[in-house]
Each structure stands twice: as C-alpha cells, then as structure tokens.
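The opening residue of the sequence shown carries number 0 in numbering that gives the first Met the number 0; numbering runs sequentially from there.
Because the hints were derived from the structure by calculation, they are not lab data. Worth double-checking, as some hints may not be accurate.
[Said to hold, decoys possible] Derived SDA-like pairs: lysine to any residue, alpha-carbon spacing no greater than 20 angstroms straight-line: (1) Lys-2 to Val-13; (2) Lys-59 to Phe-47; (3) Lys-56 to Arg-66; (4) Lys-67 to Phe-48.
Remember, predicted model here, so these are calculated numbers, not experimental data.
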Amino acid sequence: MKKTLFYMFIGIGVIGLITNIGNIFDFIFQTIISIVIFIAILYAIYYFFILSEDERKYRKAMRQTKRKRKFRK
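With the sequences and hints as input, model every part of the structure.
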C-alpha cells in the first residue's frame, strides 16, 4: 500500500513537471534577460558617470592595441 501511494505521488509530480516545463523555461529565460539588462545598465552608469575622460581614452587605446596584436598573430 505504501509503495503504491509513493509511486502515485511520484507520478503526479512528474506529470506536473512535464506540464509546467514550458513555464519553467520561460521563467529562466526572463530571469536571465533581466539580469543581463541590469548588468548592462550598471556598466553604462559606471562607464559614463564614474570613469573620467582620461580613463575612457586609456581603455579605448588598450582595446585598439589588443586588436592590433590579435591581427598580427
């Protein structure tokens, strides 16, 4: 009797997971997109309001140097 109830409980749980799998993936996808947008906003605030003009120029020069070295290899 206990095994039957246990397997029925597991079966109902599996059926519930299968029927809600689309909702679970939607939730995960929305969460990932929200986190990416939040990080992009924080980076934009950091880049435009916290970094000085000289630091921005230095970063730009470093990116250009990396690109030149990448093409040489």
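Under the constraints set out in the numbered hints, which ones does this structure not fulfil?
4
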